[in-house]
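Trainee: If you read the sequences in order, they're chains A and B.
Under our numbering, the residues of the first sequence are numbered 32 to 488, in order.
Under our numbering, the residues of the second sequence are numbered 29 to 420, in order.
A few of these clues could be false.
Covered by chain A, per the in silico footprint, the following chain B stretches (three or more residues, Cβ under 8 Å) [stated by the list, open to error]:
{"#": "1", "segment": "144-156"}
{"#": "2", "segment": "248-256"}
{"#": "3", "segment": "348-356"}
Derived contacts from chain A toward chain B, CB cut-off under 8 Å, selection only [as the list claims (entries may be wrong)]:
{"#": "4", "residue": "Ala42"}
{"#": "5", "residue": "Val71"}
{"#": "6", "residue": "Ile72"}
{"#": "7", "residue": "Ala75"}
{"#": "8", "residue": "Phe76"}
{"#": "9", "residue": "Arg118"}
{"#": "10", "residue": "Trp121"}
{"#": "11", "residue": "Pro123"}
{"#": "12", "residue": "Arg164"}
{"#": "13", "residue": "Arg273"}
{"#": "14", "residue": "Pro393"}
{"#": "15", "residue": "Val423"}
{"#": "16", "residue": "Ala441"}
{"#": "17", "residue": "Arg450"}
Everything labelled a hint here was simulated from the structure, so no lab data went into it.
Idealized CB from N, CA, C, for every residue including glycine.
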Amino acid sequence: MALTGRAGLLAALGIVVVLLAPQPGAALAGVCLLLAAGIVIDLAFAGPVRPLRFHRSGDTLIRLGERATVELVVENAGDRRVRGLLRDAWPPSAGAAPRVARVDVPAGERRKVVMTLTPTRRGDRSSVAVTVRSLGPLGLAARQGTHQAPWTVRVLPPFLSRKHLPSRLARLRELDGRHPALVRGQGTEFDSLREYVVGDDVRSIDWRATARRDDVVVRTWRPERDRRVLIVLDTGRTSAGRVGEAPVPLAGATPDPGGLLPRPDPLPTPGWPRLDWSMDAALLLAALAARAGDRVDFLAHDRAVRAWVSGAARTELLSTLVNAMAPIEAELVEADAQGMVAAVLARAKRRCLVVLLTDLNPAALDEGLMPVLPQLSARHLVLVAGVSDPRVTAMAARRGTAEEVYDAAAAEQARLGRRRITARLRRHGVEVVDASPDDIAPALADAYLALKAAGRL
Amino acid sequence: MSVQARPEQGAGSYPSSPTVRSAWRSARGVVLVGVLVVLVSAVTLLILPDRGPQRRLDPDDTSLVGSGALAALLRERGVTVDRVDSAAAAAGRAGTGDRLLLITDATYADESALARIPGDRLVVGNLPALSTLASGVRVTAADVRSRDRDPDCRLPAATAAGSAYLGGLSMTGPRGTTGCYPAGDGHLLVSFPNGGGVTTVVGDGSFMTNQRLSEGGNAALALNLVGSAKAVTWLVRPDDPPPLDLAGERGRSLEDLMPGSIRWALAMAVIALAVTAFWRGRRLGPVVTEKLPVVVRAAETVEGRGRLYRARRARQRAADVLREGTIDRIVPRLGLVAGAGRHEVVTALAARTGLDPQELIAALYGPPPADDAGLVALAGHLYSVERQVSEL
Chain A
32 MALTGRAGLL
42 AALGIVVVLL
52 APQPGAALAG
62 VCLLLAAGIV
72 IDLAFAGPVR
82 PLRFHRSGDT
92 LIRLGERATV
102 ELVVENAGDR
112 RVRGLLRDAW
122 PPSAGAAPRV
132 ARVDVPAGER
142 RKVVMTLTPT
152 RRGDRSSVAV
162 TVRSLGPLGL
172 AARQGTHQAP
182 WTVRVLPPFL
192 SRKHLPSRLA
202 RLRELDGRHP
212 ALVRGQGTEF
222 DSLREYVVGD
232 DVRSIDWRAT
242 ARRDDVVVRT
252 WRPERDRRVL
262 IVLDTGRTSA
272 GRVGEAPVPL
282 AGATPDPGGL
292 LPRPDPLPTP
302 GWPRLDWSMD
312 AALLLAALAA
322 RAGDRVDFLA
332 HDRAVRAWVS
342 GAARTELLST
352 LVNAMAPIEA
362 ELVEADAQGM
372 VAAVLARAKR
382 RCLVVLLTDL
392 NPAALDEGLM
402 PVLPQLSARH
412 LVLVAGVSDP
422 RVTAMAARRG
432 TAEEVYDAAA
442 AEQARLGRRR
452 ITARLRRHGV
462 EVVDASPDDI
472 APALADAYLA
482 LKAAGRL
Chain B
29 MSVQARPEQG
39 AGSYPSSPTV
49 RSAWRSARGV
59 VLVGVLVVLV
69 SAVTLLILPD
79 RGPQRRLDPD
89 DTSLVGSGAL
99 AALLRERGVT
109 VDRVDSAAAA
119 AGRAGTGDRL
129 LLITDATYAD
139 ESALARIPGD
149 RLVVGNLPAL
159 STLASGVRVT
169 AADVRSRDRD
179 PDCRLPAATA
189 AGSAYLGGLS
199 MTGPRGTTGC
209 YPAGDGHLLV
219 SFPNGGGVTT
229 VVGDGSFMTN
239 QRLSEGGNAA
249 LALNLVGSAK
259 AVTWLVRPDD
269 PPPLDLAGER
279 GRSLEDLMPG
289 SIRWALAMAV
299 IALAVTAFWR
309 GRRLGPVVTE
319 KLPVVVRAAE
329 TVEGRGRLYR
339 ARRARQRAAD
349 VLREGTIDRI
359 VPRLGLVAGA
369 GRHEVVTALA
379 ARTGLDPQEL
389 IAALYGPPPA
399 DDAGLVALAG
409 HLYSVERQVS
419 EL
């Protein structure tokens, strides 16, 4: 049960009545009895909440930054009209609105309540409970009950870097020979023979075939296909650090203003986790590689395998990937590089391009990846991609006051460490992509295209 | 393929709030235990004898803080113990032979009336009326720790008793005072002739309580002090302290001026408050919790390192790092290989930028700056050198 403001108001009026009444004791008893009688009548005649039935329909999959609509149909299977308030409770980061809806469902009928969700975070958001407060005829008291009406909306990574996809696909087509720019490189595959046209590279003339026929015949080449790309996402502690500016505000991305007074020095916005930037880059790479005819597998690992996607059909690869990525959160543990390498070696039997999305953190890589890297690079081509922090770059450039110079020295120290670990990785024959959050996805795609053009896959 | 399955979407709904029956079933254990506790405590209270409140240093009190034992000992020795709770009653007993006035509490008694009572007088503990009851006594310390102390004086009552548990007030008396149990500048027991009798003041009455009476010389001291007379008038705090008289004009208190219905309206206000509290306090559905991701900026470690440099004024370290970073970036631009010697770097740089080689050596490989201003200047210089190299 629940009381309403009207009951409180009635009781407050009772104070005046008791104060002015000639017999205050009797007046007190009278007011209390009146109030109690009203409450009892309301509770007795309020529509029962227990027989209500709820049905849901609407979105189950949305990208982060989009808005989901979930319809909640309230069916009154009881024999009295239910009039009052309804709250469909979702976790705070689901951004559910309205918080409380008014409902009025006559007996045996249905009414629809439309909830809009604006999630501020990736992952699964499930409805917690539906609570209905059914008011009595006098509006003094209400019956209240809670139902479970399960529904889950999966919030997928937004794949913001898909804007870079058309330009990279154009580059891919250039490689493919569909545009008049034949590329001939080491390791590219022989495709077919055709007649020579003016403008063709004379080096590609196949003299043996020319001798058999009257025409001059050239070989055409196409980039290698059906190579394997394994994207490995490091979900350890270094992936939790926030960099850049969040294109879609995440929960907790903007600091809580807190307190009545405005802060004199507002904290800078913490941005997006490295993990989300890495996912964005991984999605662009996967989309590109799938179009290029390569097979894409995906592994998320910190101390254990968090997600593993393999053998997805080309048309469904992206949706499978975003579904696998959606619930992944950064774990606050040191990533187990040895276990990660073992997992990769166990899964990738044939030579493939292993794209490791992690942070180029010298301390973490020194202890984790560097000792086991030779095992990996001996069998596979390894590409390490790390998201750099634009804030550190900005700190290194500010040299106005002594404080800023000390900060710049610290930033310089961090960048030096990054450059050194990059150089060491390259000495191991590992490709390295180190780019700012906004550039990591296109930079990774370009690195992949360069490898493909060079026939190194 | 082991993709995490898409979440299942439930078809129907089911009520999750408890029915009256299930609520009773889950709560009945707690209710039963509560009822049991209430019953047991009620029965215990009914069975046990009513001891009443503890009254400190009361001859009728047998609790640890009372003085029933001392009173019983006095009666055994043929001393009459008269328990009184007002100055008027005490004055009524006065003048009947050899009688001692023992004052344990004078909060509600008329102190000037007490002071007029002739004969021997024993004042126990820190009373507000001490200056009236024992004029000439000056308190030197108010919170002396209570412990067993030796008398160290020539008062027969104290020397015969030996060590006693004393503390509280430390005092000095007027001329002719005998002080015992010294503590600091004063004594914990002072005795001096006053009018027709002897006034004795003790700093603390703990030695007379039932708890302490059997220890050391406590009983002897108490009997020597109190039992010297034939009869004792024992002034205690009244059982029902009279209400403070706050009557205003024409003897009407604030309560009399209030209309009679105020009390009832107050009761109604409490009820209204309860109703309002229930209205506001009842939540519409459960509180929803959520496991949120950590919010930590990746640059925090770098900022922390910068603050450490700043706190320690690590100029050498900062200058080294800045120089190293600059050299690291300009060396490839100058067409040199990594690990080039300082001479090569400076020569190439001087040729490229036209700057003085000595100045460049000082900037890139010189000693660390002596102060923060020097560091800022060095940082600016390095930046300008780097920019010149990259712009050319």
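Trainee: Closer than 8 Å between Cβ atoms is the bar; does Arg118(A) clear it against chain B? Give me holds or violated.
Mentor: Cβ of Arg118(A) sits 5 Å from chain B, so the hint holds.
Trainee: Identify whether the interface hint at Phe76(A) stands, where standing means a beta carbon of chain B within less than 8 Å of its own.
Mentor: 18 Å, violated
Trainee: Please verify that hint: Arg450(A), Cβ, nearest Cβ of chain B, below 8 Å or not.
Mentor: At about 7 Å, which falls below the 8 Å cut-off, the nearest Cβ of chain B leaves the hint on Arg450(A) intact, so it holds.
Trainee: Do at least three Cβ atoms from the segment 144-156 of chain B come closer than 8 Å to Cβ atoms of chain A?
Mentor: violated (count 0)
Trainee: Against chain B, is Ala75(A) within 8 Å by beta-carbon distance?
Mentor: 14 Å, violated
Trainee: Taking 8 Å as the C-beta cutoff, is the stated coverage of the segment 248-256 of chain B by chain A satisfied by three or more residues?
Mentor: violated (count 0)
Trainee: Counting residues of the segment 348-356 of chain B whose CB is closer than 8 Å to a CB in chain A, do you get three or more?
Mentor: With 5 residues in contact (Cβ-Cβ under 8 Å with chain A), the coverage given for the segment 348-356 of chain B holds.
Trainee: Hey, does the Trp121(A) contact hint survive, CB to chain B under 8 Å?
Mentor: This interface hint holds because 7 Å falls under the 8 Å limit.
Trainee: Min Cβ distance, Arg164(A) to chain B: is it shorter than 8 Å?
Mentor: 6 Å, holds
Trainee: Holds or violated: is there a CB of chain B closer than 8 Å to the CB of Pro123(A)?
Mentor: This hint holds: Pro123(A) lies near chain B, its Cβ roughly 6 Å from the closest one there, short of 8 Å.
Trainee: Hey, does the Val423(A) contact hint survive, CB to chain B under 8 Å?
Mentor: Holds: closest Cβ of chain B sits about 5 Å from Val423(A), inside 8 Å.
Trainee: Verify the interface restraint on Ala441(A): the C-beta must sit less than 8 Å from at least one C-beta of chain B.
Mentor: With Cβ-Cβ at 4 Å, under 8 Å, it holds.
Checked against the numbered hints given earlier, the structure breaks hints 1, 2, 5, 6, 7, 8, 14 and satisfies all the rest.
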